[in-house]
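All the letters of the sequence shown, read from the start, carry residue numbers 1 to 181 under my numbering.
Possibly wrong hints are sitting among the right ones.
Listed next, the in silico DSS-like pairs over lysine-lysine satisfying Cα-Cα at most 30 angstroms (straight line) [to be verified]: (1) K1 with K79; (2) K134 with K13; (3) K79 with K49; (4) K13 with K79; (5) K1 with K13; (6) K13 with K29.
I should point out that these hints are in silico values taken from the structure, not numbers from a laboratory. None of these values were measured; they are calculated from a predicted model.
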Amino acid sequence: KDVINAMNDTMSKMGSYMVMAFFCAMFIKAFGDSNIGTLIALAGADGLKAMALPGGVTIVGMIILTAVVNILVGSASAKWALLSPIMVPMLMAVGISPELTQAAFRIGDSTTNIITPLMVFFPLVVVYCQRYVKSAGVGTLVSMMLPYSLVFFVVWSIFLLVWWGLGMPLGIAAPYTYPAG
1 KDVINAMNDT MSKMGSYMVM AFFCAMFIKA FGDSNIGTLI ALAGADGLKA MALPGGVTIV
61 GMIILTAVVN ILVGSASAKW ALLSPIMVPM LMAVGISPEL TQAAFRIGDS TTNIITPLMV
121 FFPLVVVYCQ RYVKSAGVGT LVSMMLPYSL VFFVVWSIFL LVWWGLGMPL GIAAPYTYPA
181 G
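Generate the whole structure from the sequences, applying the supplied hints.
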């Protein structure tokens, strides 16, 4: 009986998550079915072609965009589901491979994880901080981690650009460029 009560209690707390997941899934489905992502990608590709930015600048822009979106959307898979239908075709149109787009996404996503209160483990990190500093809170943690986040952002971005500049492979048969259309 105790095990069943514990399981009931745990599952009852999942209700709000299930409601949120339902509406998120509905949004993603509607977004995909509407082809708005394709329209934005085409318009963005035209804009990028008109600006004629070097590939490195475009990739750094993608990293910045992902880092900013990471502050507002905690889940990496939700971010990728939101951004990839737009960013991958848009960057392919200007000659940047999907593999390089994914690498830039991972840098932008990972470097700001510790400063976004929407990260799934953020409350746990705050609790661990409060073990040592009772007055620690969300603001304390963000202000303490911001310099690290910025350093990681800069170093990983430079690392990717240097890696690309040296022609080191991203992975097995993973090119940096895509034949622009």
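Query - Proposed proximity, K13 with K134 (alpha carbon, max 30 angstroms) - result: 28 angstroms, holds
Query raised in the report: Can the restraint linking K79 and K49 be considered satisfied, given a maximum Cα separation of 30 angstroms?
Result: Between K79 and K49 the Cα gap is close to 25 angstroms, so the pair holds against 30 angstroms.
Query raised in the report: Are the Cα atoms of K1 and K79 separated by 30 angstroms or less?
Result: Violated, at about 41 angstroms.
Query raised in the report: Can the restraint linking K13 and K29 be considered satisfied, given a maximum Cα separation of 30 angstroms?
Result: With Cα atoms ~26 angstroms apart, K13 and K29 stay inside 30 angstroms; holds.
Query raised in the report: Between K13 and K79, is the straight-line Cα distance small enough, at 30 angstroms or below?
Result: This hinted pair holds, its Cα atoms lying about 25 angstroms apart.
Query raised in the report: Taking 30 angstroms as the top limit, are the C-alpha atoms of K1 and K13 close enough?
Result: Status holds; Cα separation ~19 angstroms.
When the structure is compared with the earlier hints, a violation turns up for hint 1 alone.
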